[in-house]
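Asker: Chains as they are written, first to last, in the working numbering: chain A, 523 to 1118; chain B, -14 to 538.
Each hint should be verified, as a subset may be incorrect.
[Claimed, not checked] Derived lysine to aspartate or glutamate pairs resembling DMTMM-like cross-links, with alpha carbons at most 25 Å apart: (1) B:LYS107 x A:GLU1108; (2) B:LYS107 x A:GLU929; (3) B:LYS107 x A:ASP664; (4) B:LYS107 x A:GLU1098; (5) B:LYS107 x A:GLU724; (6) B:LYS107 x A:ASP810; (7) B:LYS107 x B:GLU176; (8) B:LYS107 x A:GLU895; (9) B:LYS107 x A:GLU812; (10) B:LYS107 x A:GLU733; (11) A:LYS550 x A:ASP810; (12) A:LYS550 x B:ASP220; (13) B:LYS107 x B:GLU291; (14) B:LYS107 x A:GLU769; (15) B:LYS107 x A:GLU637.
Since the hints were derived computationally from the structure, they do not count as laboratory data. No experiment lies behind these values; they were computed from the predicted model shown.
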Amino acid sequence: MAHPGRALRHPFPPPVNDSHATPDEWLKALPGRAARHFRLLRLLAPLTGALIVAQAWLLARIVDSAAFAGEALDSLTPWLLALLPVILLRFLAQWRSERLADLAAAQVKRELRDELIERIAQAGPVHLANQQSGRLAAGLIDAVEAIDPFLARYLPARILMGMVPLVILMVVLPTDWISGIVLLVTAPLVPLFMTLIGRQAERLNQRQWRELARMGGYFLNVLQALPTLKMFNASRREGTRIARVSEDFRRSTMQVLRVAFLTSAVLEFLAAISIALIAVFIGFRLLDGEMAFFHGFFVLLLAPEFYQPLRNFGVQNHARMEAVAAAEQIGRILSLPITSPQSTATTAADDYSGTLSVQGVYFAYGDDRTVLEDLSLEIAPREHLAVVGRSGAGKSTLVNLLLGFIEPDEGSILVGDRPLNACSLAAWRGHIGWVPQRARLFHGSVADNIRLGAPDASMTQVRRAAEAAHALAFIERLPEGFDTLVGEGGQGLSGGQVQRIALARALVRRPDWLLLDEPTAHLDHETERAILETIEALRGRCGIVTIAHRLETLRRADRILVMDRARIVQSGTFEELSRAPGPFAELLHDPAEILP
Amino acid sequence: MIGRLLRLYRPHLGWLALGTLLALATLLANIGLLTLSGWFIAAMAAAGLTGTAINYFTPAAIIRGLAMIRTGGRYGERLLTHEATFRLIAGLRSWFYQRIEPLAPAGLAELRSGDLLGRLQKDIDRLDAVYLRILMPLVVALLAVALTVFFISLYSPVLALILCLLLLVGGLLLPLWVWHGSRSRGPREVELAGRLRTEAIDLAQGMAELQAYGADRQWIERWQQSAHALVQTQDERRRPQSLSGPALILLAHLAVFATLLIAVPLLRSDLLAPPQLAMLALCAIACFEAITPLPQAFASLSETAEAARRLFGIVDRRPPIEEPSNPRPVPETGEVRFEGVTLRYAPQLPPALDSIELRLPQNSLTLLTGPSGAGKTSVVNLLLRFLDPSEGCIRFAGQDLRAFDSDHWRQRITVVSQDAQLIAGTIRDNLLLGRPDADQGELLAACRQAHILDFIESLPDGLDTWVGETGVNLSGGQARRIAIARALLKSAPLVLLDEPTEGLDRATEREVVEALRSLLQDRTVLLISHRPLPLGEPDQILYLEEGRLRPDD
């Protein structure tokens, strides 16, 4: 699909968008999209903490009474009965928290994808032609998916980490201040250590995401280029490169994981050492009779629960790093320039068949290369205008302007007497039939593809359009006729057949204006002639703008414009132009040209 | 299918077994640590109360040792198992590519490239779960549970039995329930994600047409609906999963509860010492760690199986052509002959080519013409051996093309076609496709012959200029002339021109024709075009219509 970007020699410069937040800031704002869920999660956290303490207290009480006070099961019954609801409540609180986190993530993912696809649409076809679509798809699907663990696991883990250890500490300190101090001293080491390692890990992780996106882009290119590679015997050779790229990716994956594993190993080590320390202190005081077993056991039961949320947070920290990297990917989509004109007009005029006038239009793509310079022209209703000129003369840009894919930098385009930017673009385009140089068929049936711009068209209308485009005969020979599935790039159909389906697609709308970008490219001689007849048949029924290089097309045009280096250099009928000396006559009398 | 997957794992078996052993050691160290700590504290307290002496050095040393094994073991195990798995994954990617390469392009025709990309990237990634998340946790859990239950049965067989039951509920029933919930949704998720990806690529690449035809809103909304459906399916699958974690903890606590109920009477009847009560209580909690990963393991089972099914589905396709086991050397030059060549894309379809007889004499120029859909592209596909004839044969210098290795045969052909697009990469990358060992001088000479040198030299990066996703940063004529320079570098005796000037304006077409002239000197040329090009008088003109050659008129 090369048409809208064809005239671009260089891609757009990177977009400047100061209002866009850094990945970190963007991530911080993310939970706000599911604020209610996260508020509830924050309420459940202290409850969980309290239940943990209650459970440990009851357990310690029962074991102490049974082991050291020699109490029988009967006298322990009230404690045992109290233990059951605590266990059950803890289960319920935890379950609810997990559900809430999942629901929050689901909601944010839905909203995000909705937004991102809209942004891609706003970037407009001309800009999209320069984007790696594999990368965009990875942003829409994988990057958004990578946000999920951040919302569903990392943030809840952080909420628990902020609350549960605090509750436990408040109980342990008055019970046994020595153990309390150990907990108090070691706890801050966890976040401290994580920030230290985290920075390095984060850099690695962002690089990893870029690698993943690059690998995806590379694989897509290879897969799309397989026929070409095969023609040049390079497809088997490419296998070594695939192996190398995969191997490089594995190596960088392992680099990231090594850091992540080290982080959690150190965290676990910290927790293990602290618990051992607490156990030893308690043990010796128990031996010396300085402490009651109940208190010792109670604290010992709480110690792992104190570190559990910290450790869990350490494990989930990986999710945050992935999310930061994914946010970068998503940011790339969010900062796509809005090149599609954002027409605010919604009122649609009924009539778009009036004179089309281009008045003093200047246009340059991002790199300051002026493509159109002070271009003015008028196209009368139902006129057949042909535009000729070398590649890069600005012909395709003219078509892009007329379709409203881009807006003039200066000057204006009028439909009748209404400026194009005051019209509803959708309504205006509804009156155009456009056949690009290399039409694209979408995944779906042939009929669906013809109906693309006229979803309500009846089968009869579709058939009639196909007939007018000289596509009916071959469509009927397809295994399932109009219901045959066609896909990306129109696989299974020849270039000429795709082009004729595209023409049928344009005709079925009964357009006021037909924009044809090299309409007979890819078509064999006979069909070309037939299609020219179709165009001839449309004469007087709609305006036709043809970008052409075949003399046959030109001869039948009412008027020919010759463009060269961003300007119109000649204008007139075929007879006038061929008689007068000038660029057109030069083209015409070139010995290398053959009149068909 | 599982068996086939495991066969792919075989070369890494040693590493994988070692990783599993380490994981088991780590887990046992952890259970032992908690169990011993409980005993230790209670024993110390009992000694304190009764004033008896106690050897605390040995248990303290064991506790330290277990803590170390736990931390180090986990780190080592993760490193080892992930290293082994990702080595395997990287290997699978080239394995998959090597399997699909012979299929392209004819054998993959109905697959969209986004779909293939999904398989090459995502589906293969999903296979990492087979060992990391399914096999290893399962084996480790089985062994650890057996050992723990045996240990507890030494103190109380009844308690061991109850524990066993609770572990079965948590380690088998719960995971099975989760698996049941995800079984149908897993494949649907993979399918939805695949569809989203291909539709996103369709949207991004086809935005121009969608907007021009006012279908963009409808397509975007449809995409959004699919995206919502994906999230919905994921959520349905996760519902049982989000229960399984808390449920496992509930079961662990119930196990402690049961321990108290059973052990307290044992204590009273002196069948159990007080420190052993604390020990058993903590052991009961700890052993649930063994089955914690199992619900997740079962949940990813169906997803993984689906990914594997999709991969094998492609790998198992029959290549459209068969390479000979003993390929013959391809003669340097010769005449190409089609002898009664018939080509059918499917048995029920009418033949795309029907009993074609044609000769391309050495160093001749043949023009093959006819309406689109007449079978011209099929001729190209046959000559390039993307396909082999259904009947009849094609000979080069008297030998059947099927006797040659297809890559060796293609070395004799240079193609300039409307489909031979530039690959993403620099201009140099593209040129080097034609002759991988070409030096700078040869590259520049080819560009000069193709009339593209001035343009390339005007670019700031020259030959190293990146040409975008499908070479979109160039005009059609420029791209075509680079393709011609590439073809010139290849210097093969047979030249195939498939509509070489399609879609170019007159002036550009003339330049391209100029560029082509130097390519055609002293070569056998087949020009496929629906009209003559000023390339010189053809030696023969063939007219193809509905798969048959029309007799000379």
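Asker: Please go over all the hints and tell whether each is borne out by the structure.
Answerer: Verification of the hints:
{"no.": "1", "hint": "B:LYS107 x A:GLU1108", "result": "violated (56 Å)"}
{"no.": "2", "hint": "B:LYS107 x A:GLU929", "result": "violated (39 Å)"}
{"no.": "3", "hint": "B:LYS107 x A:ASP664", "result": "holds (9 Å)"}
{"no.": "4", "hint": "B:LYS107 x A:GLU1098", "result": "violated (62 Å)"}
{"no.": "5", "hint": "B:LYS107 x A:GLU724", "result": "holds (23 Å)"}
{"no.": "6", "hint": "B:LYS107 x A:ASP810", "result": "violated (61 Å)"}
{"no.": "7", "hint": "B:LYS107 x B:GLU176", "result": "holds (12 Å)"}
{"no.": "8", "hint": "B:LYS107 x A:GLU895", "result": "violated (48 Å)"}
{"no.": "9", "hint": "B:LYS107 x A:GLU812", "result": "violated (60 Å)"}
{"no.": "10", "hint": "B:LYS107 x A:GLU733", "result": "holds (14 Å)"}
{"no.": "11", "hint": "A:LYS550 x A:ASP810", "result": "violated (52 Å)"}
{"no.": "12", "hint": "A:LYS550 x B:ASP220", "result": "holds (23 Å)"}
{"no.": "13", "hint": "B:LYS107 x B:GLU291", "result": "holds (12 Å)"}
{"no.": "14", "hint": "B:LYS107 x A:GLU769", "result": "holds (16 Å)"}
{"no.": "15", "hint": "B:LYS107 x A:GLU637", "result": "holds (24 Å)"}
Of the numbered hints stated above, those contradicted by the structure are hints 1, 2, 4, 6, 8, 9, 11, listed in ascending order.
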